[in-house]
Structure formats: C-alpha cells, structure tokens
Amino acid sequence: MKHVIEVEGLIKEFNSVRVLDGITFYVDEGEVFGLLGPNGAGKTTTIKILLGLLKPTSGKALVFGKSLANDGSKDLRRRVGVLLEGDGLFPKLTAYENLDFYARIYGLSNRRERELRIKELLELVDLYEVRDLKVAYLSRGMRRRLALARALINNPKVLFLDEPTVGLDPESRVMVRDLVIKLSKKWGVTILYTSHDLREVEEVCLKVGILVRGRLIAYGYVSELISRFSKSVIEVRLSRECELLKAYNALKLRGYIVEISSSNRSILVIDGDAPEVLRELVSDGVNVEEVRRLGSSLEDVYFKIVKGD
Amino acid sequence: MRRSLIIVKKELVETLRDRATVSSYLFVGAFLMLFNSTTFKGVINVEAFTVYLAPVVGVAVGFNLANRFVREKGEGVLETLLCSPLTLTELWLGKVVGLLIPSYIASLISVMVIGIVRGLTLDAPLLIYITLVTPAFIASVIGLLGCLYWILGMKEVRILNYVVFFTLSAVMFIVLRFVNAMSVSIELGYLVITATSLAMLSLATCLMRYISKERLIKP
Numbered sequence: 579m580k581h582v583i584e585v586e587g588l589i590k591e592f593n594s595v596r597v598l599d600g601i602t603f604y605v606d607e608g609e610v611f612g613l614l615g616p617n618g619a620g621k622t623t624t625i626k627i628l629l630g631l632l633k634p635t636s637g638k639a640l641v642f643g644k645s646l647a648n649d650g651s652k653d654l655r656r657r658v659g660v661l662l663e664g665d666g667l668f669p670k671l672t673a674y675e676n677l678d679f680y681a682r683i684y685g686l687s688n689r690r691e692r693e694l695r696i697k698e699l700l701e702l703v704d705l706y707e708v709r710d711l712k713v714a715y716l717s718r719g720m721r722r723r724l725a726l727a728r729a730l731i732n733n734p735k736v737l738f739l740d741e742p743t744v745g746l747d748p749e750s751r752v753m754v755r756d757l758v759i760k761l762s763k764k765w766g767v768t769i770l771y772t773s774h775d776l777r778e779v780e781e782v783c784l785k786v787g788i789l790v791r792g793r794l795i796a797y798g799y800v801s802e803l804i805s806r807f808s809k810s811v812i813e814v815r816l817s818r819e820c821e822l823l824k825a826y827n828a829l830k831l832r833g834y835i836v837e838i839s840s841s842n843r844s845i846l847v848i849d850g851d852a853p854e855v856l857r858e859l860v861s862d863g864v865n866v867e868e869v870r871r872l873g874s875s876l877e878d879v880y881f882k883i884v885k886g887d
Numbered sequence: 094m095r096r097s098l099i100i101v102k103k104e105l106v107e108t109l110r111d112r113a114t115v116s117s118y119l120f121v122g123a124f125l126m127l128f129n130s131t132t133f134k135g136v137i138n139v140e141a142f143t144v145y146l147a148p149v150v151g152v153a154v155g156f157n158l159a160n161r162f163v164r165e166k167g168e169g170v171l172e173t174l175l176c177s178p179l180t181l182t183e184l185w186l187g188k189v190v191g192l193l194i195p196s197y198i199a200s201l202i203s204v205m206v207i208g209i210v211r212g213l214t215l216d217a218p219l220l221i222y223i224t225l226v227t228p229a230f231i232a233s234v235i236g237l238l239g240c241l242y243w244i245l246g247m248k249e250v251r252i253l254n255y256v257v258f259f260t261l262s263a264v265m266f267i268v269l270r271f272v273n274a275m276s277v278s279i280e281l282g283y284l285v286i287t288a289t290s291l292a293m294l295s296l297a298t299c300l301m302r303y304i305s306k307e308r309l310i311k312p
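Going line by line, the protein sequences match chains G and V. Just so you know, we're using our numbering here: the first sequence kicks off at 579 and counts up by one. Just so you know, we're using our numbering here: the second sequence kicks off at 94 and counts up by one.
Honestly, the hints are just simulated from the structure, not real lab data. Just so we're clear, the structure is a prediction, and the values are computed from it rather than from any experiment. Cβ atoms here follow ideal geometry from the backbone N, Cα and C, with glycine treated the same way. Be aware that one or more of the hints could be misleading.
To be verified - Listed below are the simulated DSBU-like cross-link pairs for lysine-lysine, each with C-alpha atoms no more than 35 Å apart in a straight line:
(1) V:Lys248 / G:Lys882
(2) G:Lys697 / V:Lys248
(3) V:Lys166 / G:Lys652
(4) G:Lys712 / V:Lys311
(5) V:Lys311 / G:Lys644
(6) V:Lys102 / G:Lys882
(7) G:Lys670 / V:Lys311
(8) G:Lys712 / V:Lys102
(9) G:Lys697 / V:Lys102
(10) V:Lys166 / G:Lys712
(11) V:Lys306 / G:Lys638
(12) V:Lys306 / G:Lys697
(13) G:Lys633 / G:Lys652
(14) G:Lys735 / V:Lys166
(15) G:Lys760 / V:Lys248
(16) G:Lys633 / G:Lys824
(17) G:Lys697 / G:Lys764
(18) G:Lys760 / G:Lys882
(19) V:Lys248 / G:Lys764
(20) V:Lys102 / G:Lys652
Unchecked claim - Facing chain G, according to a computed beta carbon distance under 10 Å, are these residues of chain V, among others:
(21) Gly169
(22) Leu171
(23) Ser177
(24) Leu179
(25) Glu280
(26) Leu296
(27) Thr298
(28) Leu309
As the list claims (entries may be wrong) - Stretches of chain G that chain V covers, calculated by requiring three or more beta carbons in the stretch to come under 8 Å of a beta carbon on chain V:
(29) 619-631
(30) 664-670
(31) 680-691
Just need the whole structure built from these sequences, with the hints factored in.
What follows is the structure, encoded as structure tokens:
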C-alpha cells in the first residue's frame, strides 16, 4: 500500500541548530498517527515541513507522494486540512463569514453547496447558534471548535491537527476525539495528530511516534509500544495499613523495586512476579488483601522514553 | 485572480469594521477642515495643491491600513492561509487592491471637498491624474510597503513605515517643486509620478519572487 504521508531522513536546521535529526515515519490511508514529545521536540516543525511552510535541510516530507512546498501543489492543497496552533480565523469576521471565506478559497464556488457545507459543519461543532457572532467575541474553546470546522471545510483527505483540543472543556474534548475517530474510520481520512494529552492520543491514534530533541525515539503501533516499553507493575493491597512499612522493607530487602502507592494500604512492585511476591510477603507474616497486575498505558511508555523513568 | 478577489472582499469587510479606517477618515476630515479654515483663496493654487493632496491623502490612509499585511501573523491566521491553495502573489495582490479601495475613496473625497469649497476646475489632464495616476501611485506605495514588510519577515515595521513615508513625501515634494521651478508642463509632472508608480510596482513584483513562506512564518 502507498503511504499517504512519507517522512524519510528528515533533517531541519535553524541557524546551524539541528531541530530535526533524520526522522522517518509513514502514515497509511485512514490511519490516525500521533506525534508526541515534549515542547520543543520538533512536532510542529515536522508538520510545518510537511505542509510546505518550512523547507527541510535534507530528507523527504511528502503527502500523497508530493511535496506541498512546490508552487504547483495547489490541487494537492485542496485535499489537505490544517489546524495549527493558531486557529486561522479572522477576528473581525463572523463564524459564518470565516467558513465562507475558506470555502471560497478552497474552490467551493457553488453558493448553495457552500451554504449547506457551512451549516453542516457549524452544527457538527455545535456553533450554528452563534454563526453571526464575530470570532473576536467567541470563547477560546468555541474558536478552537470553529477552527476544526474550518479545517474540514474542503472535505480533506489528509488532516493535520496540531493540538486540536487545547483550550477545550471536557465535553468538547470528547466531541473532537469522537469526530477524529469518525473521520478516520468512516470516511478514511488520514490524520496526523499531536497532543500533550496522552490518554486522548491512546484513544484516538493507531500508531504513534515519540520525538525527543528532534529524534524519533519510538515509532509503531500503540499496543506494540506499550508491550515493548512499559514495565510490569503489580499492586499489592494490604489488609492493615500499619503493615505497609514492614511489607515495603521486606520486598526492598529481596531486591525488588518498590514504591508506596499514593492511595493508602498498597505497594507498587515494578517488574515483579505476582505469585512470588505474594509468597514472600505471606512468609514474612504480612496480611495481603489483594495482588493484581496494573494495566500499562501510553503514558507509561511516554514517560519511560522521554524522562527515562 | 479569483482567489485574489476573495481576499479583496474580505479586506473590504474588515476595513468597514476596523477602527483604523474610522481614525484615518477622521484624520483626513480634520486635515481638510484645518486646510479650509487656515488658507485663503488665491494664496494657494488649488489645482497644484490637488495634485499633491490626492495621492498624499490616499497614501496616508493606506499606511494606516497597511498593518493588515502584518496583523495576520500575530493573529495566527497567516500560517493557515499559506497552507491553503492561495499563492503568495494572490494574497499580496488581494491585499493591495483591498487596501487601495478605502485609501483611494479617502483621496477622492478630499479632492471633492476641495473641489466644491475652492471651486476646482477639472480639466482633462487633472481628471486623468485623479482617476488613473493617483490610484496607481497609492497602489504602488501599498504594494511596495507590504512587500517590504514581508521581506523583512514583518519585523521593524514601524521604522520601515517612517522611512517609506518620509522618503515618498520628500520625493513628491521635490518632483512638484521641480515642476514649478522649471516651468515644465504639469503633464510632465504627472508622467514622472506615473513612472515612479510603475517603477515601485515593478520593484515590488520583482521582490515578491524572493519572499518565501518560511521567511513569513519565522518567529
């Protein structure tokens, strides 16, 4: 299968400072790919190079096999939707006028079609009631939702979403998350997604790449990365809180990596074998109420990679 | 071209809702009132003054509105626009025409006011000057200014404004003084201004080739 987004050996330097160091990843049709990393890792720079806003120092950054940096990429741009850190909305125009402006720019010349599309999108992001309000008067969350509608005005085949849920309330976050899933699963839209909310990324993305200081440290399916990088953590819940220190010392003496959980009466054992831990605690006379293996998440993987936990 | 017209329409809507437009028009109005109340009929040659006034008023208003070339960067709109099928040239052209219209209207209003109050006779050369040379001059100034803003990556905008404004005012003054002193025909003066306008527009068009998206979006 041909990749929709191809990034190969991408290097970008600003005044001899290397901000992207030979990153490579591919995104296939209908996939949601999450680009993660701390601030300054190079996520936005990667997106901007893919969008043709920045020129790469070397390497490839292609969308549908072509570079968006070329002057002749107008037709390709019609198939791409963009939501960057800035909302891309004109504050003096109303919500409706903003969408109408972009619809015209993307070539929706038929007035009736345009009206229908704008109405559909405003309803989708729950802003139809405020369509005649100037953007300057909308809340941060409303503007972000309107920006998402703007990014979809041209029925894009590829969507670049740079932190789409920043400034949104929990309800709107869920709305955006569900919309992204629907766009990819129902309509086959390929999405490159960045966010600092790792739970959100885990729910939305099939594949992720983790960037640290311009290097792609981890890349692959979310489930694959979790099983490869995350630690096995066992939670030991004690019957009596007073035995917490006793259990902690007993396990520590036997060489386990242990932490006292923030919730009372439980100890976390990293990379331990549950039956063995239980056996050893019982032999030391500790009253154990429950031993269970905790599920790992993308968050665990992320912190392990980024912070070296 | 079609996309430039979309930009023109958007600029006009924004202009109507912009305080900068109101302040520009108030400034022009105040200037005209001051002019009428402090000068006496016969002291100033009204025709010669109109030649100077028409472009200067238009350029002054254009300057006031030209921050639109820069504002979109601060508002986080420029990057999104540059990701659309719009080319830089279409965007620039749309902005130039969109800002030219309110600037030229201010210029026309000032000429009309002077015409009515001071009894200006519009002969053919003056009519051509006001309908063709003046808008061309205003457009060239706005176009060059916008282009220079972009080349500088939208930095040092205020300094650039002062440099361009005072240079142009000086050039206009020298040209018109030269026309008077040398007793050459006023048509030659018009020709010089037209040639200057075309030169500035050509320069802006050439410079547009050296502007990259990266330069525009750089912090």
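To see whether the hints hold, each was checked on the structure:
| no. | hint | in the structure |
| --- | --- | --- |
| 1 | V:Lys248 / G:Lys882 | violated, 41 Å |
| 2 | G:Lys697 / V:Lys248 | violated, 39 Å |
| 3 | V:Lys166 / G:Lys652 | holds, 22 Å |
| 4 | G:Lys712 / V:Lys311 | holds, 28 Å |
| 5 | V:Lys311 / G:Lys644 | holds, 24 Å |
| 6 | V:Lys102 / G:Lys882 | violated, 52 Å |
| 7 | G:Lys670 / V:Lys311 | holds, 24 Å |
| 8 | G:Lys712 / V:Lys102 | holds, 17 Å |
| 9 | G:Lys697 / V:Lys102 | holds, 21 Å |
| 10 | V:Lys166 / G:Lys712 | holds, 19 Å |
| 11 | V:Lys306 / G:Lys638 | holds, 18 Å |
| 12 | V:Lys306 / G:Lys697 | holds, 32 Å |
| 13 | G:Lys633 / G:Lys652 | holds, 17 Å |
| 14 | G:Lys735 / V:Lys166 | holds, 27 Å |
| 15 | G:Lys760 / V:Lys248 | violated, 42 Å |
| 16 | G:Lys633 / G:Lys824 | violated, 60 Å |
| 17 | G:Lys697 / G:Lys764 | holds, 20 Å |
| 18 | G:Lys760 / G:Lys882 | holds, 31 Å |
| 19 | V:Lys248 / G:Lys764 | violated, 45 Å |
| 20 | V:Lys102 / G:Lys652 | holds, 21 Å |
| 21 | Gly169 | holds, 2 Å |
| 22 | Leu171 | holds, 8 Å |
| 23 | Ser177 | holds, 5 Å |
| 24 | Leu179 | holds, 6 Å |
| 25 | Glu280 | violated, 42 Å |
| 26 | Leu296 | violated, 22 Å |
| 27 | Thr298 | violated, 16 Å |
| 28 | Leu309 | holds, 9 Å |
| 29 | 619-631 | holds (count 4) |
| 30 | 664-670 | holds (count 7) |
| 31 | 680-691 | holds (count 5) |
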